[in-house]
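Engineer: One letter stands for each residue in the lines below.
Protein chains: 6
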Amino acid sequence: MAEAPSLTHFDAEGRAATVDVGGKAETQRQAIARGRVVMEPATLARIVEGQMAKGDVLAVARLAGIMAAKRTADLIPLCHPLMLTKVAVNLTPTLPDAVEIEATVALTGRTGVEMEALTAVTVAALTVYDMCKAIDRGMRIEAVRLSHKSGGKSGIYEAE
Amino acid sequence: MAEAPSLTHFDAEGRAATVDVGGKAETQRQAIARGRVVMEPATLARIVEGQMAKGDVLAVARLAGIMAAKRTADLIPLCHPLMLTKVAVNLTPTLPDAVEIEATVALTGRTGVEMEALTAVTVAALTVYDMCKAIDRGMRIEAVRLSHKSGGKSGIYEAE
Amino acid sequence: MAEAPSLTHFDAEGRAATVDVGGKAETQRQAIARGRVVMEPATLARIVEGQMAKGDVLAVARLAGIMAAKRTADLIPLCHPLMLTKVAVNLTPTLPDAVEIEATVALTGRTGVEMEALTAVTVAALTVYDMCKAIDRGMRIEAVRLSHKSGGKSGIYEAE
Amino acid sequence: MAEAPSLTHFDAEGRAATVDVGGKAETQRQAIARGRVVMEPATLARIVEGQMAKGDVLAVARLAGIMAAKRTADLIPLCHPLMLTKVAVNLTPTLPDAVEIEATVALTGRTGVEMEALTAVTVAALTVYDMCKAIDRGMRIEAVRLSHKSGGKSGIYEAE
Amino acid sequence: MAEAPSLTHFDAEGRAATVDVGGKAETQRQAIARGRVVMEPATLARIVEGQMAKGDVLAVARLAGIMAAKRTADLIPLCHPLMLTKVAVNLTPTLPDAVEIEATVALTGRTGVEMEALTAVTVAALTVYDMCKAIDRGMRIEAVRLSHKSGGKSGIYEAE
Amino acid sequence: MAEAPSLTHFDAEGRAATVDVGGKAETQRQAIARGRVVMEPATLARIVEGQMAKGDVLAVARLAGIMAAKRTADLIPLCHPLMLTKVAVNLTPTLPDAVEIEATVALTGRTGVEMEALTAVTVAALTVYDMCKAIDRGMRIEAVRLSHKSGGKSGIYEAE
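Protein chains in written order, with full-length UniProt numbering: chain A, 1 to 160; chain B, 1 to 160; chain C, 1 to 160; chain D, 1 to 160; chain E, 1 to 160; chain F, 1 to 160.
I should point out that these hints are in silico values taken from the structure, not numbers from a laboratory.
Copies of the same chain are indistinguishable here, so a pair counts whether it falls within one copy or spans any two.
In silico DSS-like pairs for lysine-lysine, Cα to Cα no more than 27 Å straight-line:
1) Lys153 x Lys86
2) Lys86 x Lys24
3) Lys153 x Lys24
Note that the structure is predicted; figures quoted are calculated from it, not measured.
For reference, chain A alone in the conformation it holds in the complex (with noise of 0.2 Å):
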C-alpha cells in the first residue's frame, strides 16, 4: 500500500510525534464544528423551560466548551499549546429532541485550530448529558463534524 498517504503525527519509525510546525508562516486561522446532543423530548421541554426560568443547562454547558477549548493541548496528546484569540460556542434547541452545538475559533497563528473547536462542541456536548441524565441516561452524542476552517495552506474547507 505504497501510495497510502502518510500520517502526519508518525515519524519514519512510526513514532508519534507533534508535527514541527516551525516553518509555518503565522496567519489568520478559523475552525468551526458542529454537533448535537440527541434527547427524549421530555429533556429538551426540560431544558427549554430552564433556559427561559431558572437552571440554564445551556449556559453551563456553554462556558464548559469554552474553558474546554483552552485546554485542547493538554487532552490530544500531540496538539500544539495555542493562543486562541476567539472562542463562541452555541447551543441551539432544535425540535423534537435535540440541542445542537456549533463552536468557533480563531487564532493568529502556525497551526489550525478545528481540534479546539471539536473540542469544545464535545465538552459542551457532555456538560448537557451530565446536568441532564438524572432524568435521561438514554442521550447521545452524535455528528460531531468539522464544518468549516480556513486560513492555513490547505485553503478553505466547507463540510458539504
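Start from chain A and add chains B, C, D, E and F according to the hints.
Structural biologist: Same frame as chain A, but now just chains B, C, D, E and F:
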C-alpha cells in the same frame, strides 16, 4: 409543567451547584460508555495498517482517553473529583468505515462514573480525528452514549 | 519568642511541607467563606440588568468559583488534594455598589475545606472583575474571610 | 437603559464568549495589582520571625502567586491563554497587622494582563491564609485592585 | 520466554490500561525516593550562599517537588489519582558538587505512592536545574530511585 | 564573594521571579536533552519483547514525555508558558540494561526550551519506571542532562 422532573444540578433558585453526595454510601460503581468515529474506508485501512506495522493511532487514542477520564472533574463544571480505581479504553477497527470505542471506568465511592467513561470515549475519538485529519477531514464522531452503569442507588442500567 | 504558636506547614528546620493528615479521622466537614466585589453603582446596575435579561455575569462567576474550588490543591502549594462532596457558590447583588459572594464546600475526609471555600470566593470575584473591567477598572475585592467551619478536631468556628 | 455600556464578554443575545482579540495589535503590555491580608498582630510577628529565621510564609506565597498567574486562563472562564514574559510578586509585612501584596505581569501580545496580576495577588493572599490559618482563622483579604495598566489601546491607567 | 513476569499495565491483548485497584484494601502506605543533581562546585557554592542570604534555590525546588507530587496522575498516564495525606521534600547541599534530594509521600489508600515520591524528586531536580542553568548548563540529574516503600501487599521494600 | 555569577531567577533582594524576557528577540530555538533508565537485564528483555509483540512500554512513555513537555510551565515554578512548535521523544533499548531517552523541542520565541526537553526526558523515564515497577523496583534514572541548545543569544551549546 409542574410535574417535570427537576434537574439535579440546580437549586430551587435555578443556580447551578454540584449535587451534594456527602450523604451517599461508598459503593463499588462501574460505567461503560461507547461511541464511534466514522471515516473514509481508506482512512480506516490506513489506521489498521499502522496498528500492525508502525504508527499506531489507536494506541495513542487509548492513552488519551485514559488520561482524560482522570481529568473529567476539570472539564465538566459540576462533576465531583473522584479517585478512580480503574480506567480501560478499547478501540476496535470495524469494517468498512468506523472505529468503535468502549471505555470502562470503576470506583469505590459516592457517585457514579458515567461522565468519566463518556469523557474517555470522546477524547479518544477526538484523538483519532486529530491524527487522521490530514487525510480525512470529514470524519464524524457518532453515537456516544452510556452503555452500562451499576453500583448506584438507581440500580443497573443497560442500554438496550 | 518561644511561646509563639508554631506554623503547621513548616518542619523543625523551617522547611515547608504539607501537614501529615494520615492520622486524622475521616469526618464530615464543611466550610463557608464570604467576600465581596465593590464597584460603581452603574456597574452593579448593569450586572443586575444582565441577570434579568441577558448576559448573566453572576452565573459565569458562580461556575468559575465552583470549578476553582476543585482546583485548590493545584493552586495553593501545601493544600491536600481532596474529594469534595459539595460545592455551592452564590453571588448576591447588594445595593448600591457590591456583589456579595458566599461559597459552601463540604467533604467527608481528613482535613478541612476552608481553603476550597476561600478559593471559590476569590475566583468568583476575579471573574466578576474580568467581565466588568471594560466598564469599571476601579472595582475592588474586599473582605474575603472564613465565615463558618465545622467537622474538624477544633470544633465549630463562626466568625462573629 | 439603552445607554448602558455593553459588557464585552457577551454577544448580542447575551451569550458569554471570549472577546475576539484577533484584530488587536501585539504591543508590550503591563499590569500591576495590589491587595492585602489583614491579620492579628501576633500572626504578623510570627510571619516576620519566620522570614528571618526559618519557615518563610512569604516566599511560599510569592511562588504560589507566580504560578497562579500562569494558570489564569484555566481559572477565569473567558480569559485568553497568554504567553507572559514576566511575573513578579512581592509581599511586604506592614506593621501592625497586614501583609501588602503587589504583582507585576508583562506580555507582548494582543490583550492586557490585569487578570493575571489580580490572580497572582489573590492566590498569594490565599496561600498566606493557608499557612497561618492554624493560628489565626480571622484573617481577611482586603483591597484587591488594579493599580496600574499600560500598553493597550485605552492608554495608561493609574489608580489614584 | 513464557516465564517472563507480565507487565501489570497491559491486558492480555497488550493494550495499556490502569491496574484495577478496586479490590485492594485501604492501608497506610508510604514511599521515599531519592536522587541528586550533580554540578560544578562553584554552582553548589552559589546555591549554599543563596540559601543563607537571599535567593533560596532549594526552597523553590522543594515547593515545586511538593506541588508536582500532587500532579502525578496528570503526568504519568496510568497512575491513579490519589488523595495524598503527606508530601515532604528535602534538598541537602552535599560537598563538593551535589544537591541530594529526598521525597516522602504517604497515603491511606488502595495503591502505593512510589510514583508520587519519584515525581517529586525529579521535578525538584529539574527546578534546581532551571534556576542554575544560566551559570552551569552541564548539571546532571543522577540516581533517581525508590529508597523505601511500605504498606502494600508486597511488604516493605528497602533499597540496599 | 562579589564575583559570583548572579542567579537569574532572583531579584536584588533575593526574591524569586521569572526572568523578564520581554526585551528578547523571537528566534528559532531548539534543545535536546538526554537521560537513561537503568534496570535489570530481564526487565529490558521484557520491554523489548512487548515492543515487538504487545504491551509497548516505550510507546506509552514517549507520549507521556511529549505531553509533559507541554506542561512544563505548570511544573517548574519560574518557567514561562511557551507555544512549542515541535516535541519529539525517542526511547531506545540499549543492551544489556538500559533505555536511552532523547527529547527534542523547538520553538519560535523569546526564551529557550531546555527545560521542556529535560521535563520530557524525566517524565518519559518516570513512565518507564511506573510500567515496569511491578517486576523491577530497583530501576534508576541516570544522566539526565542537556545535550544541545541553539537559537539563543548565548549561541550553540553542545555537551561534549
